[in-house]
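**Student:** Whole structure, please, built from the sequences with the hints as guidance.
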Amino acid sequence: MPKKKVYKAIRRTTGKGGNYRKTKSGAGMTKKGVKAYRKANPGSKLKTAVTGKVKKGSKASKRRKSYCARSLGQLKKSSAKTKNNPNSRIRKARKRWRC
Numbered sequence: 011m012p013k014k015k016v017y018k019a020i021r022r023t024t025g026k027g028g029n030y031r032k033t034k035s036g037a038g039m040t041k042k043g044v045k046a047y048r049k050a051n052p053g054s055k056l057k058t059a060v061t062g063k064v065k066k067g068s069k070a071s072k073r074r075k076s077y078c079a080r081s082l083g084q085l086k087k088s089s090a091k092t093k094n095n096p097n098s099r100i101r102k103a104r105k106r107w108r109c
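Residue numbers (the working numbering): 11 to 109.
Note that these hints are calculated values from the structure, not bench results. Keep in mind the model is a prediction, meaning the values are calculated, not measured. Keep in mind that a hint or two might mislead.
To be verified - Straight-line C-alpha distance at most 27 Å; calculated DSSO-like pairs for lysine-lysine:
1) Lys75 - Lys87
2) Lys75 - Lys45
3) Lys32 - Lys55
4) Lys65 - Lys49
5) Lys66 - Lys14
6) Lys14 - Lys49
What the hints assert, rightly or not - Pair by pair, the computed Cβ-Cβ distance ranges are:
7) Tyr47 - Gln84: 18 to 28 Å
8) Tyr47 - Ala70: 13 to 23 Å
9) Leu85 - Thr58: 18 to 28 Å
10) Thr23 - Arg80: 21 to 31 Å
11) Gly62 - Lys13: 39 to 49 Å
12) Gly27 - Leu85: 22 to 32 Å
13) Arg108 - Gly28: 20 to 30 Å
14) Cys109 - Lys13: 27 to 37 Å
15) Pro96 - Thr24: 11 to 21 Å
16) Gly36 - Pro12: 37 to 47 Å
17) Lys13 - Val64: 22 to 32 Å
18) Lys13 - Ala70: 38 to 48 Å
Here a beta-carbon is modelled for each residue, glycine too, at the ideal position from N, C-alpha and C.
**Tutor:** Structural data, given as structure tokens:
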């Protein structure tokens with residue numbers, strides 16, 4: 011029987027050198043975190059946030075629009091405490107993506 015490949019868990023650390031941004035700095039994954047994820051999951055197409063100015067109709071603008079729609083659904087399903095807190099991770103991430 012062939013052995014299963016065991017993948018090392020991705021560190022979910024925040025702060026300097028971590029894979030995730032602190033809430034104060036906009037939440038979401040860092041470039042380092044995305045790189046670690048893609049290494050652990052070959053063939054993955056995970057990318058970092060679209061934060062800059064983009065042309066209307068470009069791939070990046072479509073990614074942003076898609077993320078904003080998905081994250082709005084997450085925000086609506088979250089608790090009232092999270093919805094109304096301007097410093098919650100989902101709110102900060104949406105602000106970083108310019109939703």
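**Student:** If a hint holds in the structure, say so; if it doesn't, say that too.
**Tutor:** Against the structure, the hints come out as follows:
no.: 1; hint: Lys75 - Lys87; verdict: 19 Å, holds
no.: 2; hint: Lys75 - Lys45; verdict: 23 Å, holds
no.: 3; hint: Lys32 - Lys55; verdict: 23 Å, holds
no.: 4; hint: Lys65 - Lys49; verdict: 30 Å, violated
no.: 5; hint: Lys66 - Lys14; verdict: 45 Å, violated
no.: 6; hint: Lys14 - Lys49; verdict: 17 Å, holds
no.: 7; hint: Tyr47 - Gln84: 18 to 28 Å; verdict: 19 Å, holds
no.: 8; hint: Tyr47 - Ala70: 13 to 23 Å; verdict: 20 Å, holds
no.: 9; hint: Leu85 - Thr58: 18 to 28 Å; verdict: 20 Å, holds
no.: 10; hint: Thr23 - Arg80: 21 to 31 Å; verdict: 24 Å, holds
no.: 11; hint: Gly62 - Lys13: 39 to 49 Å; verdict: 44 Å, holds
no.: 12; hint: Gly27 - Leu85: 22 to 32 Å; verdict: 29 Å, holds
no.: 13; hint: Arg108 - Gly28: 20 to 30 Å; verdict: 23 Å, holds
no.: 14; hint: Cys109 - Lys13: 27 to 37 Å; verdict: 44 Å, violated
no.: 15; hint: Pro96 - Thr24: 11 to 21 Å; verdict: 19 Å, holds
no.: 16; hint: Gly36 - Pro12: 37 to 47 Å; verdict: 43 Å, holds
no.: 17; hint: Lys13 - Val64: 22 to 32 Å; verdict: 45 Å, violated
no.: 18; hint: Lys13 - Ala70: 38 to 48 Å; verdict: 41 Å, holds
The structure is inconsistent with the numbered hints 4, 5, 14 and 17, although it conforms to all the rest.
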